[in-house]
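In order, the protein sequence lines correspond to chains A and B. If you count the first sequence from 1, position 62 lands on 62 in our numbering, and the numbers rise without skipping. If you count the second sequence from 1, position 64 lands on 1064 in our numbering, and the numbers rise without skipping.
Read the hints as simulated data drawn from the structure, not as lab findings. Errors might be hidden in some of the hints.
[Stated by the list, open to error] Per label pair, the in silico range of CB-to-CB distance:
{"no.": "1", "chain 1": "B", "residue 1": "1039", "chain 2": "A", "residue 2": "70", "range": "33 to 41 Å"}
{"no.": "2", "chain 1": "A", "residue 1": "56", "chain 2": "B", "residue 2": "1056", "range": "51 to 59 Å"}
{"no.": "3", "chain 1": "A", "residue 1": "76", "chain 2": "B", "residue 2": "1192", "range": "45 to 53 Å"}
{"no.": "4", "chain 1": "B", "residue 1": "1020", "chain 2": "A", "residue 2": "31", "range": "33 to 41 Å"}
[As the list claims (entries may be wrong)] With the Cβ distance kept under 10 Å, some of the chain B side facing chain A (calculated, not the full set):
{"no.": "5", "residue": "1122"}
{"no.": "6", "residue": "1146"}
{"no.": "7", "residue": "1148"}
{"no.": "8", "residue": "1158"}
{"no.": "9", "residue": "1194"}
{"no.": "10", "residue": "1198"}
[Said to hold, decoys possible] Quick partial rundown of chain A residues pointing at chain B, CB under 7 Å, derived from the structure:
{"no.": "11", "residue": "5"}
{"no.": "12", "residue": "9"}
{"no.": "13", "residue": "10"}
{"no.": "14", "residue": "14"}
{"no.": "15", "residue": "15"}
{"no.": "16", "residue": "20"}
{"no.": "17", "residue": "43"}
{"no.": "18", "residue": "44"}
{"no.": "19", "residue": "46"}
{"no.": "20", "residue": "76"}
{"no.": "21", "residue": "79"}
Glycine residues also receive a C-beta, built at the ideal position from the N, C-alpha and C atoms.
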Amino acid sequence: MVSETIELRGHIIDSLILPKVLDQILTHRANFKIDEIKIGERRADQSFARIEVSAETNEGLDELILRLRQHGAEVIERANVQLASARADGVFPRDFYVTTNQQTFVRFGGKEIEVRPAMINSAIALDRKKGSARAVKFFDVNKGDEIVVGHQGVRVVPVQRSTTHTDLFQFINTIVDADEPKSAIIRELGQELRRAHKAKGKIAVVAGPAIVRTGAGQHLVRLVEAGYVDRLFAGNSFAAYDVERALYGTSLGMNPDLAVARGGHENHLRAINAIREAGGISAAVRQKILTRGVMYACVRHDVDIVLTGAIRDEGPIPGVTTDVIEAQKVMRQKLADVTHVMLLATVQHSMAVASMVGPAAKTVCVDIDSTAVERAVEHQPLQSIGLVTDVEPFLEDLADYLTDSRVRE
Amino acid sequence: MRELLLCPPNYYGIEYEINPWMSRARGAEAALAQKQWERLHATLSNLRCEVHLITPQPGLPDMVFTANAGLTVGRKFIPSNFRHKERTGEQPFFAKWMEQLDYEVRWLPENLYFEGEGDALFGGDALFCGYKFRSDIQSHRALADILGCLVISVELVDPRFYHLDTCFCPLPDGAALWFPSAFDDYGQRAIREHVTGLIDVSPEEATHFSCNAVVIESDIVLPEGAPKLVRTLQDRGYRCHELPMSEFIKAGGACKCLTMFMPQRESAL
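Using the sequences plus the hints, can you model the full thing?
This is the structure we're talking about:
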């Protein structure tokens, strides 16, 4: 949405100029927000209104403004953004504008340009020739790039809450604590995911190793099989635990089905080695080495798997991106079209994804640690819910609801 | 006694086309125009009006339409800023004339089009102003600043009724005659909210410029060709003076366009 601010003065109430202007805005499929209005007290007093008019395209807005001018609307000239050149590769000018994850526009040459992508904690680089603006990270900036400095000419448009149907995210936007009931919310979340699935939305799951260790992997598998997972984001350890569980029945030596564990860390390393030997997870599935578990289900159901590494990782499993800058790029790219995200039992990975996901995406964070939930949820204050709970019963309930079945294992 | 400004039609003729009525192919007949104007002059003079005559100027054929000279309120004269360059030459002559008669001349900013009494008529306690074809709505705000009165801006939507005085004529009792479809919906609603006792003029009679009437207390001087309107006005106690105006209607004007009040009101409030 692009916008201009107009002012109307005069006897705009008695002459019905104000309602006429507002009606014209709406009939041109544009929107308005009255920033300020002063109604004259006495009969001869003039009134004043300042109105922000927003339309889908610059052309549509220009045409509308031209019409509104006929009725006395005066356009408030907004200042252009201020720019400064990057002095060196990887270094922003001082006082660079720091982005939020909300839709942002910069004004340049009298036009509004949308900053793409909407990405938090970045700077904005402006390309005069192309008339485009993009959010850039440190590693993206080159010496001489023109970067927006200060706040002048920058406009941020917060995401509007859904008004088309009363969904879970519209009313809750909050955290459900450990001692509060969750089944109704899980049911509503299930309905939301069904709607998303039907509307060809993209559902991403960010999975922590606790899913495997608590034995909840089987429930995640049911969601994958039913088509409710389009992309899986996880660390090397999640994949390794899942593979170990599939191959040896343990995760980091522990068997969730037995009270006493056997084998210790050995199984973990043997599992990683088996995947490395096969040439990767997909290859292991093809070679029938890997025949069960979350990774197996994802390969079989064409779920996009995005694995990134950490310092303490063993392996890594082939296909894991271990360069952190590269990992950020890949994750951003894979999150660009995601509409729903489930952040499940992983603090660091959830925080990373929550900071990269677009402002319109709806987020659910599930973790046993309330602080982790709070930190992930605050990135999307209008579109997220948090559940403080063990991930296992959560996934079980959700999978039961969405697949209408009990566990097969 | 009301004072009026008229301009003899010595140089009147249809020399350009700036409204849908004008056609150089169908020019005005000079002798007949002269006769029709003299009759208007005589009628108004007989209605206890003091008629001032500005000296007509060659090359300014529309100067005869003095309603577009400007707007006079008390001793203030607000000259027009014509939209069409064909008429801008009239501005200095009218301003100088009014200045010589000791009126305080208050120009509007040059960039605001305003065509005088043609688009600004007092009715009740408001000044009704038309906009879009000739005057800009921005000029209305400037008028409100100068005059300190309520200004009702109404959009004109029918190019045949390009000035407010071609489709709206306030009466001394607070009512008005008007041709509603010359205005957009909001303009119609604004007028209905501020004027009681509106008299609708039919489309056939409106095209005879029936709304373009000069009202001097209970006397109404209007073009002939509106028998229904005349009957309505007579029923309301007005005396109607119907005049032939064919040669001026060819240029898109009639009785009111040929007349400017000096002043239209003693005070804006």
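Here is how each hint holds up against the structure:
1. A beta carbon spacing of about 39 Å between residue 1039 of chain B and residue 70 of chain A agrees with the range 33 to 41 Å that was offered as a hint.
2. Judged by the Cβ atoms, the range 51 to 59 Å given for residue 56 of chain A and residue 1056 of chain B holds: they are separated by roughly 55 Å.
3. One distance hint, 45 to 53 Å for the beta-carbon pair residue 76 of chain A and residue 1192 of chain B, is violated here, with the actual separation near 33 Å.
4. Separation of residue 1020 of chain B from residue 31 of chain A is about 37 Å and conforms to the stated range, judged on CB atoms against 33 to 41 Å.
5. Interface hint status for residue 1122 of chain B: violated, as the beta-carbon distance to the closest one in chain A is roughly 13 Å, over 10 Å.
6. Violation of the interface hint for residue 1146 of chain B is found here, the shortest Cβ-Cβ separation to chain A being roughly 12 Å, above the 10 Å cut-off.
7. The beta carbon of residue 1148 of chain B is positioned within 10 Å of a beta carbon in chain A (closest approach about 6 Å), and the interface hint is therefore held.
8. At its closest, the beta carbon of residue 1158 of chain B sits 16 Å from a beta carbon of chain A; the interface hint therefore is violated under the 10 Å criterion.
9. With a least beta-carbon distance of about 7 Å to chain A, the hint placing residue 1194 of chain B at the interface is held under the 10 Å criterion.
10. With a least beta-carbon distance of about 16 Å to chain A, the hint placing residue 1198 of chain B at the interface is violated under the 10 Å criterion.
11. Here the hint on residue 5 of chain A is broken, as its CB sits about 18 Å from the closest CB of chain B, past 7 Å.
12. Against a cut-off of 7 Å between C-beta atoms, the interface hint on residue 9 of chain A holds, since the closest Cβ of chain B lies about 6 Å away.
13. With a least beta-carbon distance of about 4 Å to chain B, the hint placing residue 10 of chain A at the interface is held under the 7 Å criterion.
14. Because the beta carbon of residue 14 of chain A sits about 6 Å from the nearest beta carbon in chain B, less than 7 Å, this interface hint is met.
15. Hint on residue 15 of chain A holds. Least Cβ distance to chain B is approximately 4 Å, under the 7 Å limit.
16. Hint on residue 20 of chain A holds. Least Cβ distance to chain B is approximately 4 Å, under the 7 Å limit.
17. Because the smallest distance between the Cβ of residue 43 of chain A and any Cβ of chain B comes to about 5 Å, under 7 Å, the interface hint for this residue holds.
18. For residue 44 of chain A, the suggested interface contact is upheld, since its CB lies about 5 Å from the closest CB of chain B, less than 7 Å.
19. A least Cβ separation of about 6 Å between residue 46 of chain A and chain B falls short of the 7 Å threshold, and the interface hint therefore holds.
20. With its C-beta approaching chain B no nearer than about 15 Å, residue 76 of chain A sits outside the 7 Å limit, and its interface hint is violated.
21. Taken as an interface hint, residue 79 of chain A does not check out: its beta carbon lies about 23 Å from the nearest beta carbon of chain B, beyond 7 Å.
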